[in-house]
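Use the sequences and the hints to build the structure in full.
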Amino acid sequence: MFKKFLLLASAGLMAIGPAVAAEKVKIGFVTTITTPAGVIGKDMVDAVNLAMEDIGGKMAGLDVELIVEDDGFKPAIGKQKTDKLVKQDKVQFVTGFIWSHVLLASQKSALGAGKFLISSNAGPSQMAGKLCHKNFFSTSWQNDQTPMAMGEVLNLNNVKSLYVMAPNYAAGKNMVAGVTRTFKGKIVGKDLTKWGKDAQLDFSAELAKAKASGAEGIFVFYPGKAGGAFIKQYAQAGLQGKIPLYSVFTVDSIALPKLQKANMNGVMGSVMTQFWAPDLDTPQNKKFVSGFKKKYGRYPSFYAAQSYDTIFLIKSAVEAVKGDLSNKDGMRAAMEKANFPSVRGKFSYGNNHFPIQNFYSREVVKDPDGVWTTSVREVVLKNHQDTYAKDCSM
Amino acid sequence: MDWVLIITQLLNGLQLGLLLFLLASGLTLVFGIMDFVNLAHGALYMIGAYFCATLTEFTGSFLWGLLIAVPVTAAAGALLEISIIQRLYSKDHLDHVLATFGLILCFDTAVHFLWGPEGKAIPLPTFLDGRVTILPGIEFPTFRLSIILTGLLLAFVLYFIITHTKMGMLIRAGASNRQMVSAHGIDIKSLFTVVFAVGAAMAGFAGMMISPITEASIGMGNEIIIVAFVVIIIGGIGSIKGAFLAAILVGLIDTMGRSFLDTLLKLILSAENAETAAPALSAMAIYILMAAILAVRPQGLFPPKGR
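Protein sequence lines correspond, in order, to chains B and F. Remember, the working numbering sits 6 above the position in the first sequence when you count from 1. Remember, the working numbering sits 457 above the position in the second sequence when you count from 1.
Incorrect hints may appear among the rest.
As the list claims (entries may be wrong) - Listed below are several chain B residues computed to face chain F (Cβ distance under 8 Å; list not exhaustive):
id: 1; residue: Pro42
id: 2; residue: Gly44
id: 3; residue: Val45
id: 4; residue: Leu198
id: 5; residue: Leu207
id: 6; residue: Ala211
id: 7; residue: Ala214
id: 8; residue: Lys238
To be verified - Pair ranges (Cβ atoms, derived):
id: 9; chain 1: B; residue 1: Lys190; chain 2: F; residue 2: Gln756; range: 54 to 64 Å
id: 10; chain 1: B; residue 1: Lys203; chain 2: F; residue 2: Pro528; range: 27 to 37 Å
id: 11; chain 1: B; residue 1: Lys140; chain 2: F; residue 2: Ser727; range: 29 to 39 Å
id: 12; chain 1: F; residue 1: Ile745; chain 2: B; residue 2: Asp60; range: 49 to 59 Å
id: 13; chain 1: F; residue 1: Tyr616; chain 2: B; residue 2: Lys190; range: 53 to 63 Å
id: 14; chain 1: B; residue 1: Glu29; chain 2: F; residue 2: Leu738; range: 50 to 60 Å
id: 15; chain 1: B; residue 1: Val371; chain 2: F; residue 2: Ile591; range: 29 to 39 Å
id: 16; chain 1: B; residue 1: Gln94; chain 2: F; residue 2: Leu562; range: 21 to 31 Å
id: 17; chain 1: B; residue 1: Ala82; chain 2: F; residue 2: Lys723; range: 30 to 40 Å
Stated by the list, open to error - Computed cross-link-like contacts, BS3-like style, restricted to lysine-lysine with a CA-CA straight-line distance of at most 25 Å:
id: 18; chain 1: B; residue 1: Lys299; chain 2: F; residue 2: Lys577
id: 19; chain 1: F; residue 1: Lys723; chain 2: B; residue 2: Lys166
id: 20; chain 1: B; residue 1: Lys48; chain 2: F; residue 2: Lys577
Calculated from the structure, these hints are not laboratory results. We put the CB at the ideal spot given by N, CA and C, even for glycine.
So, in structure tokens, the structure goes:
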């Protein structure tokens, strides 16, 4: 009798369970809030909050709850926070992730529990290739793609020899691999510098080597505050005008206000590649950039743009199943269509759920108000798919 | 390998070493004289940088910012010593570590609260932002050179104070035997406050000098403080001379490792392995040195006399 009662009770609980959970769309957002890299996380969270306002806090009539977690720039903590989101908060979507090594450490906790995992920035080669998963999506790019576009820009500019610098972690290595793949000249020197919470920020030794190498160009990938520090030291070391700077994810709207304040004029006209720019001409981007500037009084970064897209991607999935969050197949199919207004314009998803999209060259310019920003120049790679998609068995 | 690069890298190593010395000198005095483990020394390095950034903004000049921020940081150090640190001297090392670790968290959060999460850049005046030709063909950033010169000057001043003044005599005596000094009726309490404030000013000054190169940011001291501890352990705790030589040694090893290790490793390893292993190994080099020195000379290279 007692056993039967228990069984009934648990059956009853199980019946209530999903119904209770379905009242809300729960989105976990793992990013870096503390450590100096917190400035990136802040930009992302600001963008997500803006997106939440723009959708009125609802998806298909359901309330949306956003739970932001801080990974402290550490893979182990990122994993812990993902576990917490999955087990304690019972979110349906785990999103965010600035850092490739944090994403790689955390992916199993989300995907293993059957949750959707959406990277709003990190695009390690593993997730695009062997570790690709039906419930993993990216609203950014695979790490190699942006530097591959840069390699093409270097070829077009007739650069024959290159000095390469990047941080020593998953994404840094992907960036180096990317530019090496398309650049046709010779790589005369390479430095992988210490990264993480105690990242190396003083590049005196590396810059001296770059100068001595006699390279015709220097390629760097230094996201977050390392970018500003690098550019300052590049100018102080007198490389400006001698070895032109070609960067990816280094000169962005996080670094530029500080560079402008410090009067680092040398960054003007510096070239980079990216899938997006604040002045990219799409209706959703205009709405996003003007909304962001109005609300926060500054330009959004690409991190922000991707985070904004993340919310609209989820919204398209929830609306496709009319708010039935237990219909995972339906939501997955909807997301695979990439049928949502993206800041980058229309794009499609590849078999590995990474966007197939354009990459542009961008240049640092002054906007009409005198604020330093980046402006899109031309398409370098059109509808580009990453090279790891072929290793993905989906 | 050309000599221009080698000389430039020696200068870079010297610059890093002198910066470490500024930080380590205060640490070694506080540890050596007061027997106090101050993990929060790095926090003083950080707040010095933030004070300087704000004052530079306010006065419009880095030099004024520096000039005002140094005494302000010293005052902050004295205040910290009188209000909190003083109560901890009688406790054991574990309590010091716990309390000063707590202080780090307080300082980091306070800076986050006051200045926000993004760092603060310090713009340099034009005459410091360029380069000077040191030898024909060797250009070196003016500001890095000014770190070397001020570092050497401060090291000399500190050396003079410690070896040629009464105050210095007391400090040396304190480092050798604390109890004997107080037994002679010296007011060790105010001596401690002064030493702590001077240490804070030196650390703050180091933070102010690095910020125009990187930037003032939260937690900037927490990373470098570990290296500063390595320096004082290698040099011998309580010894300014030891801190000076060990700091230069560590600065040179770190810079030379970053510069030439990958080239050396490529002789025995594949290019790809060498590139990955070199940054890891050069980051480890100073710890290997510390372990070796601890094994041979546990008291450090130049321990104070009478220990």
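Hints versus structure:
1. Pro42: Holds, about 4 Å.
2. Gly44: holds (4 Å)
3. Val45: With a closest approach of 4 Å, the Val45/B hint holds.
4. Leu198: Holds, because the Cβ-Cβ distance from Leu198/B to chain F comes to roughly 5 Å (cut-off 8 Å).
5. Leu207: Since the shortest Cβ distance to chain F is 4 Å, the answer is holds.
6. Ala211: With Cβ-Cβ at 4 Å, under 8 Å, it holds.
7. Ala214: Holds. Min distance 4 Å.
8. Lys238: Holds, because the Cβ-Cβ distance from Lys238/B to chain F comes to roughly 7 Å (cut-off 8 Å).
9. Lys190/B / Gln756/F: 54 to 64 Å: Since Lys190/B and Gln756/F have Cβ atoms about 58 Å apart, the given range 54 to 64 Å holds.
10. Lys203/B / Pro528/F: 27 to 37 Å: holds (32 Å)
11. Lys140/B / Ser727/F: 29 to 39 Å: holds (37 Å)
12. Ile745/F / Asp60/B: 49 to 59 Å: At roughly 55 Å between Cβ atoms, Asp60/B and Ile745/F fall inside 49 to 59 Å, so the hint holds.
13. Tyr616/F / Lys190/B: 53 to 63 Å: Distance hint for Tyr616/F, Lys190/B holds at roughly 56 Å.
14. Glu29/B / Leu738/F: 50 to 60 Å: holds (55 Å)
15. Val371/B / Ile591/F: 29 to 39 Å: holds (36 Å)
16. Gln94/B / Leu562/F: 21 to 31 Å: holds (24 Å)
17. Ala82/B / Lys723/F: 30 to 40 Å: Between Ala82/B and Lys723/F, where Cβ atoms are some 32 Å apart, the hint holds.
18. Lys299/B / Lys577/F: Measuring from Cα to Cα gives roughly 21 Å; hence the hint holds.
19. Lys723/F / Lys166/B: With a Cα-Cα distance of about 23 Å, the restraint between Lys723/F and Lys166/B holds, given a limit of 25 Å.
20. Lys48/B / Lys577/F: Measuring from Cα to Cα gives roughly 16 Å; hence the hint holds.
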